[in-house]
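Add chain L to chain V, keeping to what the hints say.
Which chain is which? The protein sequence lines are V and L, in order. Residue numbering for the first sequence follows the UniProt record's numbering, starting at 1 and increasing by one per position. Residue numbering for the second sequence follows the UniProt record's numbering, starting at 1 and increasing by one per position.
To be clear, the hints were calculated from the coordinates, so they are not data collected in a lab. Backbone N, C-alpha and C fix where the C-beta goes; we use that ideal spot for every residue, glycine too. Relax, there's no trap hidden among the hints.
What the simulated footprint calls covered on chain L by chain V, stretch by stretch (three residues with Cβ under 8 Å from a Cβ of chain V suffice, anywhere in the stretch; the number is not a length):
1) 64-76
2) 89-100
3) 116-129
The following label-pair restraints were derived from C-beta to C-beta distances:
4) L:G128 <-> V:T24: 32 to 42 Å
5) V:P229 <-> L:G128: 56 to 66 Å
6) V:R151 <-> L:Q131: 21 to 31 Å
7) L:V197 <-> V:E17: 33 to 43 Å
8) V:V203 <-> L:D187: 37 to 47 Å
9) V:T24 <-> L:V197: 23 to 33 Å
10) V:T232 <-> L:H30: 43 to 53 Å
11) V:D57 <-> L:Q131: 23 to 33 Å
12) V:T232 <-> L:E120: 35 to 45 Å
13) L:E22 <-> V:R151: 32 to 42 Å
14) L:R132 <-> V:T24: 28 to 38 Å
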Amino acid sequence: MSTHLSRTILARYADREAVLDEVTMWSVETHLEECPDCRAHLAGGDPLLDRVAAAVDQGIAAGPDPAPRRRSWAMRNRWLVWHLGPWLAMTVAVLGCAVLLQALQPRLPLVLLLAPVAPLPGVAIAWSRRHDPAWELIAGTPAAGLAMLLRRTAAVLAVIVPALALASSRTGVSLALALLPCLAFSAATILLGAFIGVHRAAVGLGIAWTLAVLLPAVVTIHPPAVLQPGTTGGWALLTLILGALAATRATSFRFSKE
Amino acid sequence: MRTVSAAESAPTTYPWAVDAQELRVHAGRHLAVDRLDLALDTGVHGLLGPNGAGKTTLMRALATVVKPAGGRLTLLGVQVDGRADLRRVRRGLGYLPQQFGFYPRFTLREFVEYMAWLKEMPKTEIPGAVQRAIDRVGLTAKAGARMKTLSGGMLRRAGIAQAIVNDPAVLLLDEPTVGLDPEQRLDFRDLLRAVGVDTCVLVSTHLVEDVVAACTDVVVLNEGRLVHQGTVDDLVAQGGEGDAGDSPAERGYSALLRRHRAEAAR
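Chain L with its partners taken away, still in its complex shape:
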C-alpha cells in the first residue's frame, strides 16, 4: 500500500496561485514580457493592454507552454524552470489559447474527453467532468456534433469547456469573448464569476467592459511592462474628463496608457 504523506493529504494553501518576479519571456526573438512583477490569487483578474503589449506571451508563459527567459515564475507553489516537475502544476492549469485548432473529426465530447485525458484526470471522473464542463458552457445539445461543424462562438465555448474540465486552480483565458454574441457574453460573465470564487482566473481581453462586468481586479500591461494592478474602482479613478473612452473605466485605462507612454518617452 502506498503511504500518503501528511503534506499530500493536508489541504494545500498557496501563498499565491501565480507569482512572477522580474519575469522575462521571449516571443520568438522579441522580448515580449520584460521584468514583470505580478502576484495573483483567487478571483477573476482582467488582463488589459493594447495589441503587442505581451498579454498572449504572458498567458503562454503562465500556461507553461513557453519557458521563461529570465526572472522567477512560481505557479501553485512550484517554481517553473527547466528543472521543475511540471506535471503536478499542469494538472492544476486550465488554458484557452487565443487561437487553437483541433482535429476536426472529433466530436465536441471527444475533444473535451481527450483534453481531460491529457490533463491526467482519473479515468472514472472523466465522463462526469466532461458532461459538467459542456453543460456549463451551454453546449449540451451540441455534445455529439463534430468540431468542424461548430460555429466560431461555439468553438470558443468548446475551448472554455476544455479549459475548465479539470476544475483548474489557475484558469488562463486568452480573449475568451471573441466571437461570442452579447447574450453568450453575459452567460460567460456569470460563468467567470462562479468559477472565480475558488479559482485564480486571468482573462485577457481588449474589451474594458468585460473587465468591469466580471473581474475583481485589473492588470494593465504595456510593452511587456506592468502598468497597473488594482480594483476596477482604482482603474476608474485614474481617468479624467479629457481622456479617450466611452465609459469611466475606459477613460481610466487610456489615462494609464498615456502616462506610461509619456514616462517611457522620457
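Isolated chain V (complex conformation):
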C-alpha cells in the first residue's frame, strides 16, 4: 500500500473516546494489518505498551523460576510399570528359577529353552483388548497401530533383554543364542499378529515352542538341535526376515484385531 494513514486518523483510532464511523474503522484496521510502519506509529504514540513490557519483564525476573517440565517420557511409560510390571516381574522371576535349575542340572540349557518365549507374555499383554484397561480409548487414536505396538514391544524387550543377558552370563551359555531366538519370536509374534491378533499369536507361538522343543528337551534331558551353538547364523537370518516381513504389515494394524 502506498499511502499511509494520517496521524489524525490514527490518533482518533487510538482514542477510546473519539467516535469513528464503521467504514473508516474498517479501512484503518485493514491498513494496519498490512503496514508495519503505521502499526509502529500507533504503538509508539502510547508509552503504555513499553510500561507493560517493562513491568512484565520485572515480574518475570522477580517471580519464582518456572516449574521444571515433568518428564513426559516417564508419564507415557507409566502404563508399563503399572500394567505390564507384574507380567515382566513374573518373566524375570521364571528366568531366575531357570538359572538356579540349570545350576542343578547343567546338561539341560533351561535359560536357552525359555529365551524365545520370554518376551511373549509381555508382548501379548502390551496390546490386548482384554488386558489393557484403556484399549477402547486408545484404539481410536492416531497413535494406535504398528508404531504403538513396536514401541510397546521395545519397552518389553528393554526389560527382557538385559534379564536374558544376565541369565546367560550366570549360566555361561552363548549370549547370541539367548538373544537372537528372543528377538526372532518377538518379530514372529508381530508378523503373525497382523493376521490373527497379537494376543493369539503370542499364545500360539508359546504353545508351539513348548510342545515342539521345550517339553521334549526337558523329558529327554537333551539340548535340542535348534539351539546348538552352530545355529546362531540361522537365528540371525530368521530374525532379519521376520522383522522385515513384520514391517510390511503396517496396514494390518490400522484396525485392531480384537
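For chain L alone, kept in the frame of chain V given last:
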C-alpha cells in the same frame, strides 16, 4: 522448507462429516449394524434406540475402533477401510466409549494429557488444551486427583474431557449422561450445545429427554436398521395419544419403534 500445498492450507469443507452408505458392522459374530444409510453434519445429533439396537457398535465403527464389514463409511472426507490412512481422520475424532478403563494411578490431568498426546496434538498446545477441556467439564478442582479416586459421574466427565481435548470435528459420545446427577446433566447439555455449533456431535442415549433438551436432530435405530432421522419436532409428530411414554417425544419414539417392529414382522 516443507512446501504447503493449496489443498492443505485452504479451509477444508466436507460435504458430510459422517457419511455411511449401506454400512454393515459386526459385533463379534452378530451383524449389529445392517445396511445403514446415515449422513451427519455439524450439529448435535441424538442417537436413540432400545438395548441391542446397534448404537454402541455404530459408535465404535464411527470411532474407527472396529472395521466395517461392508458398505461405505466416509469420515471427514476419507473413506474408512483397510487401505485408508486413518491417522488424519483419527486426529479429528473425539470418542467417549460406553465403558472405558484407565490406568488408575494416573491423575486426571495426566489422563487427559496422555490422550492428547495419543491424538498427536502439537506438544506446545497440549497443556493449554488439557486445562481448557478439564475446565469445560467442571473438574478444575480435581485436575490433580488420581483417576481411581474419582466418582462415577466425575469419571464420565473426565471421559468427556479427553474426548473434546483435541477440538474434534466429529465427537462421538456413547451414553455420556449415565451417572451424572441432574445438575451436571444440565451443565452437560449446555456444553453439548456449545460444542455442537461447529462440530458434528453424535450422542447415544436411552433418555429421550436428553435428546429433546440438547439435540438438533434425532436418529433412531432398531435392530441395526435406521428407523428415523429428523428433527425433534418430527419425532414428536410421530406419536399419538395411545403410545407409551411420559412426554410427546417419548410417545413419538415408541410409535416409531412399534411401527418398525410391525413392518419387520410382516
